[in-house]
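Asks: Spelled out from the first residue to the last, the chains are:
Number of protein chains: 2
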Amino acid sequence: MTIQGVPSDLLHQFAAIVGEANALRDQADIAPRLVENRGLYRGVSPMVLKPGSTQEVSEILKLATETRTAIVPQTGNTGLVGGQVPSTAGTELIVSLERMNRIRDVDPVANVLVAEGGAILAEVQKAAEDVGRLFPLSLGSEGSCRIGGNLATNAGGTAVLAYGNMRQLCLGLEVVLPTGEIWDGLRRLKKDNTGYDLRDLFIGAEGTLGIITGAVLKLFPQPVGHQVAFAGLSSPEDALRLFEKASNLCGTALTGFELMPRIGVEFTTRHIDGVRDPLSEPHPWYALIDISTSDSAETAETMVQSLLELGLETGLVRDAVIASSVAQQKALWHMRESMSDAQKPEGGSIKHDVSVPVSSIPAFMEAAEKGVLAAMPGARICAFGHLGDGNIHYNISQPVGADKQAFLERWREINGIVHGIVLSMNGSISAEHGIGQLKRDELARIRPAIEIDLMRRIKRAFDPANIMNPGKVISID
Amino acid sequence: MTIQGVPSDLLHQFAAIVGEANALRDQADIAPRLVENRGLYRGVSPMVLKPGSTQEVSEILKLATETRTAIVPQTGNTGLVGGQVPSTAGTELIVSLERMNRIRDVDPVANVLVAEGGAILAEVQKAAEDVGRLFPLSLGSEGSCRIGGNLATNAGGTAVLAYGNMRQLCLGLEVVLPTGEIWDGLRRLKKDNTGYDLRDLFIGAEGTLGIITGAVLKLFPQPVGHQVAFAGLSSPEDALRLFEKASNLCGTALTGFELMPRIGVEFTTRHIDGVRDPLSEPHPWYALIDISTSDSAETAETMVQSLLELGLETGLVRDAVIASSVAQQKALWHMRESMSDAQKPEGGSIKHDVSVPVSSIPAFMEAAEKGVLAAMPGARICAFGHLGDGNIHYNISQPVGADKQAFLERWREINGIVHGIVLSMNGSISAEHGIGQLKRDELARIRPAIEIDLMRRIKRAFDPANIMNPGKVISID
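One line per chain: the protein sequences are A and B, in this order. The numbering of the first sequence is this note's numbering, which starts it at 1 and goes up by one. The numbering of the second sequence is this note's numbering, which starts it at 478 and goes up by one.
Next comes chain A alone, as it looks inside the complex (with noise of 0.2 Å):
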C-alpha cells in the first residue's frame, strides 16, 4: 500500500525526535494499531511514534502544530468507540504511550500513586497490591489498557458504584497540549479550589485536548471482608427492588450490583472455558453482588446473609449461592465479565453503552425489548450491566440462522431505535464508552446546539491547528 499525505522529510523529523527504532513505519508493524476490537473502524498511517519521555510527546506535538500534521493518541487500542483509531486519508500519524509505561511513585501513607500514560491498569492495580492497598479500576480489559486510555475516556467499569469512575480516581494530571507546551498539574491534593477544573476538562476529552503522559490516582485500603453472591431474580424491576434494599443494607460497602439476563448464562456456559451455572434451576434475570468491608470480614458476612434472607423472605430473590471461596468469587466475576465475549460465537452483535436514572432501568429494559423485537423478530436480546449506576450494555445478538452481515448493516438503525427510548427517559447513549468516531454526528444531533457549541470553542482555544485526534468526539468547521 502506498501511503501519501505525509511528505517523507516530514515523517524523517518526527521519527529524529523519538529515533529511528521507535518510529514505525513497516505497514506490518503499524497494522494491528489501525483496527479496533470489534473491527467497526479500520484506519491508515504511514507511522507510529513511541516516545520514551514526556518531552519527547512535547516535540512531536510542537512539531505538528506548526506542521499541521493530525496525531491520534494510543495507549491499549482498548476502545470500543473508534477513538484511537486513525482516519483512512493516511495522513494521520499514531503516537503510542506504550513505551511510557512506569509507575512512578508510590505512596502508601499518602494514599497516591503516580502512573505514566501508558501504565498498564493490571500493572497499577498490582502495584498498589504490593502496598497493601486498593486502586479499583477494574475492566474486562485491565491486561491491556493503559490509564492515559482510560482517563481519556474516563473509564468507568465495575467498581464505579462504591468508587466512582476514573475522574473520581484521579487526583491530578501531567498533558502535553497540541502546541507541546506542558500542563504540570501533578497535584495530590484532595481539595484545591484554584481556578477552573483543566483535570477534568481533559479527562474523558478522548484526547482531542492533548494527550494524558502522567496521573496521581487515588489508593484506598484494601478491603477486610469480600462477598459475592449470585441471586436469580423474576425481572429487571425485582433486581432494582433488590438493589434500593441492597443500598439501604450496606450503604458504600456495597461494590458492585450488576444484571445479567438468562440469555448471557446460556451464552457463557456455552462458549467460555469453565463458567458453570452456579443455580440449579433457570431463572429469568440474575444479580451479582459484591460487597466489601473496611471493618471486618464479619459485617460482610452478615451483610450478605441478611441481604439473601430479605431477599428471599420478600419474593425479590428465588434462588441465590455465596460464593465460599476466592476462586468461587473470581468464577462469578468471570461469568460476568465474559459476557460480551460469549457472544462473538453467536454471530453478529449490535451493542449499545447507554444509562438512565437507576429507577427508569424497569421501564427502559420493557420498553426497548418491545421497540427492537418490534424492528427485528428473533433478535436475541443479551442486555447486562452495571444496575447500579443505571448503566446497560444493551447487545443485541443476530436471529438464530441470521445473515451476520446484513444483521450488522441494521446497526444504526437498531441504535436509533434504542437511543430513542434512552432520549426519551433523559438517559445518555454513551454511559461509559465515550463518542470516539461512533457517535459524533448523533451527539451533535441530540444535544442543545449551545452544548456542542462551547465545545467546540473549548477544542479552538487549546488545539488552534486541530490537530488533536481531529474528528473525533466533535467535528470542527
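As a list, the in silico DMTMM-like pairs of lysine to aspartate or glutamate whose alpha-carbon atoms are at most 25 Å apart:
hint	chain 1	residue 1	chain 2	residue 2
1	B	K722	A	E298
2	B	K722	A	D105
3	B	K527	B	D503
4	A	K62	B	E928
5	A	K330	A	E123
6	A	K126	B	E721
7	B	K539	A	D453
8	A	K245	B	E775
9	B	K722	A	D130
10	B	K722	A	E129
11	B	K722	A	E301
12	B	K603	A	E244
13	A	K245	B	E606
14	A	K245	B	E778
15	B	K722	A	D107
16	B	K807	B	E606
17	A	K62	B	D930
18	A	K245	A	E298
19	A	K245	B	D582
20	A	K245	B	D607
21	A	K245	B	D584
22	B	K603	B	D584
23	B	K539	A	E451
Just the calculated beta-carbon pair ranges, DEER-fashion:
hint	chain 1	residue 1	chain 2	residue 2	range
24	B	G617	A	G274	52 to 60 Å
25	A	D184	B	E606	37 to 45 Å
26	B	G878	A	V131	49 to 57 Å
27	A	V326	B	P698	24 to 32 Å
28	A	V109	B	A852	27 to 35 Å
29	A	G39	B	A599	49 to 57 Å
30	B	T791	A	G39	56 to 64 Å
31	B	S485	A	D477	42 to 50 Å
32	B	A599	A	V131	41 to 49 Å
33	B	T791	A	D130	20 to 28 Å
34	B	G529	A	N426	21 to 29 Å
35	A	P464	B	R922	20 to 28 Å
36	A	D107	B	R922	23 to 31 Å
Source of the hints: derived by calculation from the structure; they are not laboratory data. Heads up, the beta-carbon is just placed ideally off N, CA and C, and yes, glycines get one too.
Assemble chain B onto chain A, guided by the hints.
Replies: Frame of chain A; chain B shown alone:
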C-alpha cells in the same frame, strides 16, 4: 453617593426585565450586598437585579453582553474571598438569585433533588430529610448560603471526607451563559461520557463563566447509626496516626475527622454561649470524630468504641468522650463550627484556607508555626480544620494587646510566609474558599504560566465581552 458609569436609560432597560419592584436602586437597600462578611472588600454598584426566572437571567445577560455591562452574580453573600462583591468602579450590576429559591423536584427513589440557584442550603437539607434522605453538604453558613454559590465555589465543609465536595454532589446543571444562551444540562445520570465535562467547568468558576440557575443534586440514605467522639491528643502527628487508624477501621463510615488546637477550645468556651470543654483536663490538640453507618446503629457504636480503645492503648489518645445524646453530638459540632466566630472578640485574625497532602499535615503545622512566630512573636495560632482532607484553616489571632489595624496590615506578609510553606509541600493556597479577588494575583504568580493561559482561553471562549464577574479568579488583558 453619586454613582456614575452606567447610564440611567440602560439601568431602566435592565430594571424593565425584572420589574421595578425587583430592581433595587436605593443605596440603603443595596448596601448590605456591597460588603462581604470579613469586611475585606467593599464595592460600589448602582443596582441590584432580582430575577424571578431563568428566562429573566437570560435576558439580563444578553443585554449585558450587548451593552458590555459587567455583572456580579450573588447568592447568599457568604463567600470569603470577595468573589461576590462588585468592584469600586460603580460600573457593575449585582444579579441576586434570592428570588429563585425553589426546590423544583425531590425524588427519593432516584435519590436526586433539583434546586434553583438561589435555594438556601439548609432548606435543601430539610427537603431531603423530609423524604428520608440526606443531602450531605454541611457548612457553618448553611442557614444563609445558597446552592448557586455553593456550586460556583465548589463548596466543601465538614462532610467532604465521606461524600466529597460540591462537584461530587452534583449530577447536572442549568446555566445561563454570558451571552444569555441557556444550557440545559439538568441530567440525573450517574454515568454519562458524552463529550467535554462542561458541568465541572462551571462548578468552581466563581460566576465568571455564567450563572448557575439550577442543579440536580445527589441524595443519600440517611445514616442509621451516628456517633460523635471528642478526643484529647498530644500533637498533629498523633492526630494523623489516629486518623489513619480511623480510616482503616471505619472506611467510608468515617464521616468527619476535625483537628482543633487547645486555644480554639479556650476561645469557644470563653466567647460562645453554651460551649463547655468536654474533657476535665486540658490537652494540646483535639480531634472531633464523626462516624455514620448505614447497616445498623450497633456498627457505629462498635466502631467508635474500638477506635477510642485502640487510641488509648497505643497512647495516641490522652482522654476522650463519646456523645451520649443527639444534643451532645450537636454541642460538639457547635464548638467546632464556632471556632472562627470565637476569634472575633480576640481582635484581628489573619486567615488561610490551605491544603497539603494529608501525610504532610504535621510537618506543615510545625513549619508554619515557626515561620509565623518568627515574624510575629506573640501571634496566637488557631489552626483547625478538616485533617482528613488535608485542609487546615490556618487562622492567626493578633498578639494580646496588639493594635488590630496594624496587625491586619500584615495580612499579605503573613500569607506569604504560610503560603510559601504550603507551596514547598505542593499544597494549595485555597482548599475550599476559592480565589475571588483575594487570591487572584497570587494564583497567577504561583501557577505555571500555561495553566493561567488555559484558564484565560476558556474565559475568552465563554465570555467574549468579559462581562461575567470580571476581575475574579483571573484577570483578562
